[in-house]
Amino acid sequence: MSAERRFTMDTRPSLDQMGLSAGKKARLYRILREHGLRNGTAIFLPYDHGLEHGPRDFSGSPEASNPRNIIRLARDGGFNGVAVQIGLANKFYWDYAGEVPLVLKLNGKTDIPPATDPLSPINASVEDAVRLGADAVGYTLYVGSPAQERDFAQYRRVREDAERFGMPLIVWSYPRGAAIDAKGGRDSFYAVDYAARVASELGADMVKVNFPRPDKQDGVPPAYRGEFSAQQAIEAVVRSASRTLLLVSGGEHAGDEAVLEKARQSMEAGATGLIFGRNVFQRSHDEALRLVAQLRDVLAKHPS
Amino acid sequence: MSAERRFTMDTRPSLDQMGLSAGKKARLYRILREHGLRNGTAIFLPYDHGLEHGPRDFSGSPEASNPRNIIRLARDGGFNGVAVQIGLANKFYWDYAGEVPLVLKLNGKTDIPPATDPLSPINASVEDAVRLGADAVGYTLYVGSPAQERDFAQYRRVREDAERFGMPLIVWSYPRGAAIDAKGGRDSFYAVDYAARVASELGADMVKVNFPRPDKQDGVPPAYRGEFSAQQAIEAVVRSASRTLLLVSGGEHAGDEAVLEKARQSMEAGATGLIFGRNVFQRSHDEALRLVAQLRDVLAKHPS
Amino acid sequence: MSAERRFTMDTRPSLDQMGLSAGKKARLYRILREHGLRNGTAIFLPYDHGLEHGPRDFSGSPEASNPRNIIRLARDGGFNGVAVQIGLANKFYWDYAGEVPLVLKLNGKTDIPPATDPLSPINASVEDAVRLGADAVGYTLYVGSPAQERDFAQYRRVREDAERFGMPLIVWSYPRGAAIDAKGGRDSFYAVDYAARVASELGADMVKVNFPRPDKQDGVPPAYRGEFSAQQAIEAVVRSASRTLLLVSGGEHAGDEAVLEKARQSMEAGATGLIFGRNVFQRSHDEALRLVAQLRDVLAKHPS
Amino acid sequence: MSAERRFTMDTRPSLDQMGLSAGKKARLYRILREHGLRNGTAIFLPYDHGLEHGPRDFSGSPEASNPRNIIRLARDGGFNGVAVQIGLANKFYWDYAGEVPLVLKLNGKTDIPPATDPLSPINASVEDAVRLGADAVGYTLYVGSPAQERDFAQYRRVREDAERFGMPLIVWSYPRGAAIDAKGGRDSFYAVDYAARVASELGADMVKVNFPRPDKQDGVPPAYRGEFSAQQAIEAVVRSASRTLLLVSGGEHAGDEAVLEKARQSMEAGATGLIFGRNVFQRSHDEALRLVAQLRDVLAKHPS
Amino acid sequence: MSAERRFTMDTRPSLDQMGLSAGKKARLYRILREHGLRNGTAIFLPYDHGLEHGPRDFSGSPEASNPRNIIRLARDGGFNGVAVQIGLANKFYWDYAGEVPLVLKLNGKTDIPPATDPLSPINASVEDAVRLGADAVGYTLYVGSPAQERDFAQYRRVREDAERFGMPLIVWSYPRGAAIDAKGGRDSFYAVDYAARVASELGADMVKVNFPRPDKQDGVPPAYRGEFSAQQAIEAVVRSASRTLLLVSGGEHAGDEAVLEKARQSMEAGATGLIFGRNVFQRSHDEALRLVAQLRDVLAKHPS
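Residue numbers (my numbering), protein chains in the order written: chain A, 1 to 304; chain B, 1 to 304; chain C, 1 to 304; chain D, 1 to 304; chain E, 1 to 304.
Keep in mind the hints are simulated off the structure, nothing from the lab.
Please read these numbers as outputs of a predicted model, since none were measured by experiment.
Where is the CB? At the ideal position from N, CA and C, for every residue including glycine.
Incorrect hints may appear among the rest.
To be verified - Derived DSSO-like pairs (lysine-lysine); straight-line CA-CA distance at most 27 Å:
#	chain 1	residue 1	chain 2	residue 2
1	E	91	E	109
2	E	216	D	109
3	A	109	B	301
4	A	109	B	109
5	C	25	C	301
6	B	109	C	216
7	E	109	D	109
8	C	109	B	109
9	C	91	C	109
Stated by the list, open to error - One side of the interface only, derived from the structure: several residues of chain B facing chain A at Cβ under 8 Å:
#	residue
10	59
11	201
12	223
To be verified - Listing some non-contacts, in silico: residues in chain B with all C-beta distances to chain C over 10 Å:
#	residue
13	14
14	156
15	210
16	218
17	252
Next comes chain A alone, as it looks inside the complex (with noise of 0.2 Å):
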């Protein structure tokens, strides 16, 4: 137990240990330290399915459609950070500049036609986001996907300009693509631990991936066969994450209980945090602050 624990706090690295520029380690203490709990961990609301699903998603909660009310809520329930695409952060921003962290989500793309190849295309440049104020860069990288080479060429130019102006990267790291399809799926522990790999090989700050499925083992390499328990697969994904902070996805709105678990098993594994979107703007601005009031508890035992 003590031992775990202490494997715990190897696998959490703090700001500084993790090689971090002045600038980067100033903008991540304002957000890990200067809001939400101030203790190391982190819950960050993303709004971008407008674009990247369309209104759609906002088709059950009108309210969720404007994204001043996002901004708000990010503000009002403690978020860590709200993420949004260029053109709500030019247009909203500025009623909370400097309320709540801001991270410029850089690339983005409807889902419109298929994504045989996807590529995310960039929408808006780091120095776009020093321009705002904003704490931190967001960046969809589509692991796996035959644009692969097109994709880590754009997204270098991002690594560089954000290591030019100490902002911190955060990736977006997505298994996608036939290939994927083939070995596991998006979700497979084998996926998902690659893609937590790939953005720290590649100089990611913060990673966010999706919780782990050991059980998807179709066509997944050996070493991801096997039992593997929910909470073996994301202390393995930290680990691989190396000195890149770990954010977890809620994904599509599900069950609290089903979500309580996964940040549970998340922060306990050594997760820096939480990214929710759906599971919280899909939910009546009550019971949105009720999940994220519980999202907090588990939070604040973890604090490094």
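Given the coordinates of chain A, assemble chains B, C, D and E onto it according to the supplied hints.
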């Protein structure tokens, strides 16, 4: 009724509340408050059909072939702007420079080759628009096109330049491509709603959409299946455009009453105005002015 | 008759009414008022067939293979300009520099590979034209080509440079590609009319088109189906070119009377002039001069 | 009298006759035809005294210290523009963006160090003016300063940028320096006449000069020695400004009748308008509006 | 009393009313609302004396020579920011990155050569500040210096970069030079008032001035001659800074009561805060904290 009125006022943002820079605000003020009805509404006259469709669009009304006639019509008819390609702007705008706002349409293409992966190439720059004394630029974004990656890339440069120069950016947000055809088509409520949102997420100041058709439900996502009135649909589209002023397109030449009814519904829903080309210039001069007068009556009921 | 006369004056714009910069006006003035008939009309001698078709075009008249002969012919025959590629301009224009206006053709290609998506690559710059003392540049635009996106992109740079340097831009506006073939072909009234308009919309100062064939109606849009005389067709094309001076191409070597009739109809319709290559240089020197003299007689009847 | 009238019309050029680009024409049209009296005349409110002289210029009228008050005065008083430095434009123009034309003053200096070789350093760019939605830029040229070489060099960049962006350029053409002092001083007919001409020769669109003093003849060249009436002097200055619109400066706060008489003489001579700062804002609000009303009466008699 | 209160609120602008971009607003919000008293006031600790004066300024308090001590003092004392040169920022800020806001001082010089035409050379860029995660940059402008031309030129680049990156710009606005000495000296009401205004006219977001001395009247312009109380003087200076947040400098180490009285008068007049270096670090740690506590008590009475 008063609640509905309040709703309308919520959805049509004022220039003070859009997060605009001084330059964008000054130019939009000129368009919305110093031309047309000067009440915050707008009606634009687009005139790039000679490039997009060829002179065939002028075949029934030869005087429509002469850009000078059209710009004069825009001025005399109390339009809030006339949108043309660079060649016509270079040749004709000087004659009426400053008398009617110029919207320089930055991209455009012929309809000759089949548009399986439509993309509208850039023909002019935001700097061209500045040089000509334009008050806005226009960009056609083909939402859902397989060429999305290249489209977003060239759009991004336009957005950046528009921000740098304080130039309002109007996006012609057009659902297009095989995937759109398979999901209800370009006029479906789903497609138009998504298109309005994409423009907002990517930083448009105004967005031009077609009037949504909630009856087109073949292949649309579940959220768009069901009974929606035209009024409900256009209200949702206005909401999705969050802080992006919405212009409803007239589309092909149609009967007066149908045109006016769409205009009424749009303005009631919180649209900022209309953008009518063929419905105007494919009529005789007198008929055109009569329709415009009726449209202005509609707009006059919706000041902001 | 007097009404027709007035119509013609409407359609052939004077240099004062074209929205020209001082530099473009000065150079066009030299072409139209200090060479040829000095009456506002023009006849150009294009000579890029060695690149476009190869020396086979000179096989019947060996002296036509020598660019020096052609430039001298342009000078002695009272042409308003000679259009060549950069190599010939560099090698031969010095000899007659200033004696006959130079039109530097900026793009060009061989006809060896099949042209399924034709695009004419750039071989020289507007700055080359300035350096050489040219009075205009020429650009071949393949209207309707699947390569439209790349074509428009490279054309745009030429237009921008031409504006920056005050250099008149003549567009060889050529309908091409499978879609054109399926819609009446490259000489159809529809195709030529569209091509003239595209050049105007995109900022050409002059446009070179083929004489339209209203009889080619297979697959053309409804507006072009019906009984149109050749005169009606060329008049429509001149109108579509709105403030872009129109040059009618001679095309392949044809009989004298047919050539002269097309010239008469074109000038009657308000064209600015003619651009005749093979019809001139594929004749013997004397024959060529005789044809030119007849063409000049036509132009002399249409001063502006 | 009628001859004199004609003479006046000769000397105040219309926008159509000034060789303007479309952008400069559009912006000057807005200034001269869409604000103020809308009759082609103009009255500007300059407000850079806080930089040029320090807050002492506001000591008698504390409300004049607040730029917001001044911009509102410009709007409410029907001025054709307000001229400020970049800092005040950045901070205050947004509030009234588009409601009154902005003239961004690009250079300026304090009057603290002695100005033996006066030069006004550049504080902002034409691109700043574009970004802010300004309709003109202002530049102070110290005609006769020993620093002429550096002054002309930095002015040249401004002129080039103003042309590139279609931005009207107003030159504050101020005779200064020891040589001017030795030749009649800064207000002499000689000095003002020369200053008006320098602005025209170097490409200004408008020029601001002081009212000439033909009585100041010590050291002036022979041509300016003799009996000249004030009217003759200002007429000569307007002529020297050849196709450059002339604005007459109010200078220091003076008595109403003297001010009005200079205004009358200037407009009679063909000036386009007036530029009055201290004479306006160093009065109480009511007094200021009363003077402005009288000046507008003068301008109303000189439409163009 | 309530009227005076209102006056104060007029003169200290809120972040919403300053015409700020989102980035400048976010960073100023962090300084004013997430550090120090979090009530819209500020107290800064400048620490560039080692460059400006040499280590002699630390001679009485050796621990003040260690930048680490000073940055820790700024953090522990609840300062709103610490201002240092690039070398110390590079070496020391990482340790406390994000814990206390960094103001990167961009220019600075030694006091060894005589400063007849003082100019403070640029040692770092706004991009350096971005890279380090700074929340503001500082620039020393020597108002009245004969080197005004070079000073304004280098300042202009800083202002432009600060706007491009959304970085707040604090101007150390220092009257200097022989002309200032001849006009009441650097602390005269005239000089300080002018300096505050120059910063505002040239686009500072905050301005640091010395407390004005209305008794220094030798050579000042007439407007500054007369009986002015210290309170009246500082109120005028705050007004002159129009929409530029005003910081009052502590200057040389002085007695507690004098220091506190100036602080009270400044805050009463509408200043945003204080910037105290030697008065703080030339004391023992305990004494420093005691003075800071007293100053914070003053600031706590003036929330906004």
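Hint check results:
The hinted pair formed by residue 91(E) and residue 109(E) meets the criterion: a straight-line CA distance of about 19 Å does not exceed 27 Å. With a C-alpha separation of about 24 Å, the suggested pair residue 216(E) and residue 109(D) falls inside the 27 Å cut-off, and the hint holds. A hinted pair counts as satisfied when its Cα atoms are at most 27 Å apart, and residue 109(A) with residue 301(B) does not qualify at roughly 38 Å. Taking the CA atoms of residue 109(A) and residue 109(B), the gap is near 23 Å; set against the 27 Å cutoff, the hint holds.
At roughly 23 Å between alpha-carbon atoms, residue 25(C) and residue 301(C) fall within 27 Å of each other, so this suggested pair holds. Only pairs whose Cα atoms come within 27 Å are accepted, and residue 109(B) paired with residue 216(C) is accepted, the gap being roughly 24 Å. Restraint check: the Cα-Cα separation between residue 109(E) and residue 109(D) comes to about 23 Å, which is no more than 27 Å; the hinted pair holds. Between residue 109(C) and residue 109(B), the direct Cα distance comes to roughly 23 Å. Compliance with the 27 Å bound is thereby established for this hinted pair.
Between residue 91(C) and residue 109(C), the direct Cα distance comes to roughly 19 Å. Compliance with the 27 Å bound is thereby established for this hinted pair. The restraint placing residue 59(B) at the interface with chain A is violated, with a minimum CB-CB distance near 34 Å, outside the 8 Å limit. The restraint placing residue 201(B) at the interface with chain A holds, with a minimum CB-CB distance near 4 Å, inside the 8 Å limit. With 8 Å as the threshold, the beta carbon of residue 223(B) comes within range of chain A, its nearest partner Cβ sitting at about 4 Å, so the hint holds.
Even its closest Cβ contact with chain C, about 35 Å, leaves residue 14(B) beyond 10 Å, as expected for a residue assigned away from the interface. Annotated as non-interface, residue 156(B) keeps its C-beta farther than 10 Å from every C-beta of chain C; the closest such distance is 16 Å. At roughly 22 Å, the least C-beta separation between residue 210(B) and chain C is larger than 10 Å, which holds for a residue marked as non-interface. Every Cβ of chain C is farther than 10 Å from the Cβ of residue 218(B); the closest lies at roughly 28 Å, confirming the non-interface assignment.
For residue 252(B), the requirement that its beta carbon stay farther than 10 Å from each beta carbon of chain C is met, with the minimum near 14 Å.
Hint compliance for this structure: hints 3, 10 are not met, and every other hint is.
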